[in-house]
Structures are given as C-alpha cells and as structure tokens.
Amino acid sequence: MLARLARSVPALCRAVHTPPTSTTAALELIRSQPSHYIIANFVGTKYILTPRDVLTVPRLRDVKVGDVLTLDEIHELGSREYTLRGNPTISPSRVRVQATVVEHTKGKMEFIFKKKRRKGYQKTISHKQPYTRLRIGEIEIPIEPSS
Amino acid sequence: MPQPPTVSVSTTPPHVEPEPLTHYKITLRRSAISLGDKIKGTLVALGLHRRMQTVYHRHTPEAAGKILRVKELVEVHNVPASKVMTAQDQRMDRKAPRGYKVVGSRMNAFMGVGEFKN
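Quick note, the sequences are listed as chains A and B, same order.
In terms of this note's numbering, the first sequence is residues -2 to 144.
In terms of this note's numbering, the second sequence is residues 18 to 135.
It should be emphasised that the hints constitute simulated quantities derived from the structure, not laboratory data.
Note that CB positions come from ideal geometry on N, CA and C, so glycine has one too.
Heads up, a few of these hints could be off.
Label pairs and their calculated CB-CB ranges [what the hints assert, rightly or not]: (1) PRO48/A - PRO114/B: 49 to 59 Å; (2) VAL61/B - THR80/A: 32 to 42 Å; (3) ASP110/B - ARG4/A: 23 to 33 Å; (4) VAL26/B - ARG77/A: 27 to 37 Å; (5) LYS113/A - HIS66/B: 22 to 32 Å; (6) MET106/A - ASP110/B: 34 to 44 Å.
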C-alpha cells in the first residue's frame, strides 16, 4: 500500500503544479498567498520591492517630498510559490503599486585625496552623494482589471 | 449554353511604394589607432570620433568616397530619410523610461490629519 502511495506522489505533484490557463487565474493564485513582491524598473534599474520597503535611488530632481508615485514598469509579480512574469511588463490594470517620496538626502561625507608626488600638488575634495528615499506602498492586485 | 465568365476577386493590399533609401548609416566598429593621420582625418570628416558612434550622411559621391577610404573600419547601412537621427535623437532613444508617474501628494495628510490630495 505504501508502494502504491509512493508511486502516486509524482502524479499528485504534477496535478498541483499545472500552470494556470489565464492571467486572472494566475493572479488569483498569487493573491491567495499572504505576501507578495514585484520586480520594477525604476529610472533604468530593476529592483525587487516589497510593501513597506525603503528604496534609495539617485536624487530625482522632478519630484518633491511627499509626492506619491505609481510604478509603471512592473516586470514580475510574485509570492512565495507563484510568479507572474510580464512580456516585458505587466499591465498597470492588473497590479498597482504606489511609492511615497520620504526624503531627499545626501550620503555620508567622502574625502577624495589627490596627490602628484614631488610636484607640490595635492588637494582634498569633500563630497556627499545626493539620494532620494521612497517608501513602497501596498501591492494591489484588483479582482477586476481596472482601466 | 456558354457559362458566364467567373471572376475571382483576391483581396491584396494596395501596393505601397517603399521609401527611397537616401542616407548612409555609418557606424565605426574598429579604431583608427596607429593607422595614420589621413585615415583619422577621414573619420573626423565623417563625424566619427569614437568607436560604436553612428552618423548619417546623404547619398553623395563625397560621402561614398570617404566611406571607401575607411571601409575596413566601418559598418554601413542604407536607410530612408525618416530613419535619420541626430546625436540628440540617438541619446533620447537610449534613455530608459522613468518608470514612475506623480499621482498626488501626501503633504496635506500627516498623522491622520487632512486628506490625501489626488
């Protein structure tokens, strides 16, 4: 009896892991799980983002503190066991993620020391790289695809 | 009794004139280091200053002659006038999309006071 069970396990696994036929079915599977992540393209770079993350990016000059941004280019949406990959992006009607600009900061002070030996030339440049920090909001997967 | 002539109508799309290919798209693939001032001068005359740079020139005997001088270093395609891009156009083409859109502001809503302006 144990041997019969052992023989049916691969078939059971195959039944659980048949891929869903439609995007709605795939999103249902993902929505059924408690936590999600997205891979979004933000100003040319891809980041793996989850809700309540703080994303630090090079300073965005066209954005003010407190502004709310929608992430337009989402390449992948997933949960612990399921992933939906876009072609190349997932339509914004299927997934909605917002991010709030938290601050415009600068990094820690860096000292760049330049010297040419035996020529009497040396200088120290102090530099702070400007950054913008964003707080990622909830990943919304609406039941009916919104416009 | 003679049969009426059968006319078969096939729907073919109307023939669109392909755009005339009027420009050379020249890309520098190999460097001219140690090839001498004359070849370097030809590349500068074509407007090519670094490898993988692309320039567009109208089909003229002068442009053709310059290309023939540096033909081993350069890749050339014939393109129509609509595909010609200036350096700025090429730069904008390479730029990645922002990936975000400003939707509103939370400055009026803080610690549960005020409302989120959309």
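When the structure is checked against the list of hints, which entries are broken? Sort them ascending. 1, 2, 3 and 4
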